[in-house]
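Given next are the chains, with one letter for each unit.
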Amino acid sequence: SQQGEEDPQALSIQEGENATMNCSYKTSINNLQWYRQNSGRGLVHLILIRSNEREKHSGRLRVTLDTSKKSSSLLITASRAADTASYFCATVDTGNNRLAFGKGNQVVVIP
Amino acid sequence: DTGVSQDPRHKITKRGQNVTFRCDPISEHNRLYWYRQTLGQGPEFLTYFQNEAQLEKSRLLSDRFSAERPKGSFSTLEIQRTEQGDSAMYLCASSLDREGNQPQHFGDGTRLSIL
Numbered sequence: 012s013q014q015g016e017e018d019p020q021a022l023s024i025q026e027g028e029n030a031t032m033n034c035s036y037k038t039s040i041n042n043l044q045w046y047r048q049n050s051g052r053g054l055v056h057l058i059l060i061r062s063n064e065r066e067k068h069s070g071r072l073r074v075t076l077d078t079s080k081k082s083s084s085l086l087i088t089a090s091r092a093a094d095t096a097s098y099f100c101a102t103v104d105t106g107n108n109r110l111a112f113g114k115g116n117q118v119v120v121i122p
Numbered sequence: 004d005t006g007v008s009q010d011p012r013h014k015i016t017k018r019g020q021n022v023t024f025r026c027d028p029i030s031e032h033n034r035l036y037w038y039r040q041t042l043g044q045g046p047e048f049l050t051y052f053q054n055e056a057q058l059e060k061s062r063l064l065s066d067r068f069s070a071e072r073p074k075g076s077f078s079t080l081e082i083q084r085t086e087q088g089d090s091a092m093y094l095c096a097s098s099l100d101r102e103g104n105q106p107q108h109f110g111d112g113t114r115l116s117i118l
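Which chain is which? The protein sequence lines are Y and R, in order.
Okay, so the first sequence: first residue is 12 according to my numbering, each after it adds one.
Okay, so the second sequence: first residue is 4 according to my numbering, each after it adds one.
Honestly, I wouldn't trust all of these hints.
The calculated DSS-like cross-link candidates involving lysine-lysine, where the alpha carbons are at most 27 Å apart (straight line), are [stated by the list, open to error]:
{"hint": "1", "chain 1": "Y", "residue 1": "K114", "chain 2": "Y", "residue 2": "K81"}
{"hint": "2", "chain 1": "Y", "residue 1": "K114", "chain 2": "Y", "residue 2": "K37"}
{"hint": "3", "chain 1": "Y", "residue 1": "K114", "chain 2": "Y", "residue 2": "K80"}
{"hint": "4", "chain 1": "R", "residue 1": "K60", "chain 2": "Y", "residue 2": "K37"}
{"hint": "5", "chain 1": "R", "residue 1": "K60", "chain 2": "Y", "residue 2": "K114"}
{"hint": "6", "chain 1": "R", "residue 1": "K14", "chain 2": "Y", "residue 2": "K114"}
{"hint": "7", "chain 1": "Y", "residue 1": "K37", "chain 2": "Y", "residue 2": "K67"}
{"hint": "8", "chain 1": "R", "residue 1": "K60", "chain 2": "R", "residue 2": "K74"}
{"hint": "9", "chain 1": "Y", "residue 1": "K81", "chain 2": "Y", "residue 2": "K37"}
Simulated from the structure, these hints should not be mistaken for laboratory data.
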């Protein structure tokens, strides 16, 4: 079943701008992960944040997690045309091992 | 670096036929997952293995679906008597899970089209 709800679902920005996506979920989680998917390809893992963490950075990515609001955000700074992709949040619930994905955000970065 | 590979990349078949997909995970990964993704949606969990043991199956996995991982390495997913609703991308992922907090590494999927 689908878990996360990403917001906005489609985003179009100019190269160099920042892109922010939000994700909400409903259950008690072990961790939350963000993935990127280019058209027709598999998913690429970007970043994992554990339930006891509040913020994490990886290169141009910044992820926050608010377990009280059951929400997460992904910020991509200084976007590039190559960042054009679909971005999914996925949760791993406490007590199981499956990833529960949202519907994804489509991000288009205009050169 | 040898990632997760899936074969075939595309499969077109007529309704009612059986199809089988193969997934080769990253060699040292003990966990292997199957997901299904339809257009405009996120992947949906189907089943997962730890080594050769199938530990969890989704309710999406009807009795027409069967998955195996006989030696704890590659896995196969078979769909019998295919239906048009089976058209989707079938994704395989693997992970090395010691603490339950490891990312999953995905293959590029098998796109199934049922005529």
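Hint-by-hint comparison with the structure:
1. Between K114 of chain Y and K81 of chain Y, the direct Cα distance comes to roughly 17 Å. Compliance with the 27 Å bound is thereby established for this hinted pair.
2. At most 27 Å may separate the alpha-carbon atoms for a hinted pair to count; K114 of chain Y and K37 of chain Y meet this at roughly 14 Å.
3. A threshold of 27 Å between alpha carbons decides the hint, and for K114 of chain Y with K80 of chain Y the separation of about 19 Å falls inside it, so the pair holds.
4. Of the pairs offered as hints, the one joining K60 of chain R and K37 of chain Y holds, with about 21 Å between alpha carbons and a cut-off of 27 Å not exceeded.
5. Distance check on the hinted pair: K60 of chain R and K114 of chain Y sit about 21 Å apart at the alpha-carbon level, within 27 Å; holds.
6. Restraint check for K14 of chain R and K114 of chain Y: the C-alpha separation of about 24 Å stays at or below 27 Å, so the hint holds.
7. As the CA atoms of K37 of chain Y and K67 of chain Y are separated by approximately 21 Å, the hinted pair is consistent with the 27 Å bound.
8. Simply put, K60 of chain R and K74 of chain R have alpha-carbon atoms about 19 Å apart, close enough for the 27 Å limit, and the pair holds.
9. Between the alpha carbons of K81 of chain Y and K37 of chain Y the distance comes to roughly 7 Å, so the proposed pair stays at or under 27 Å and holds.
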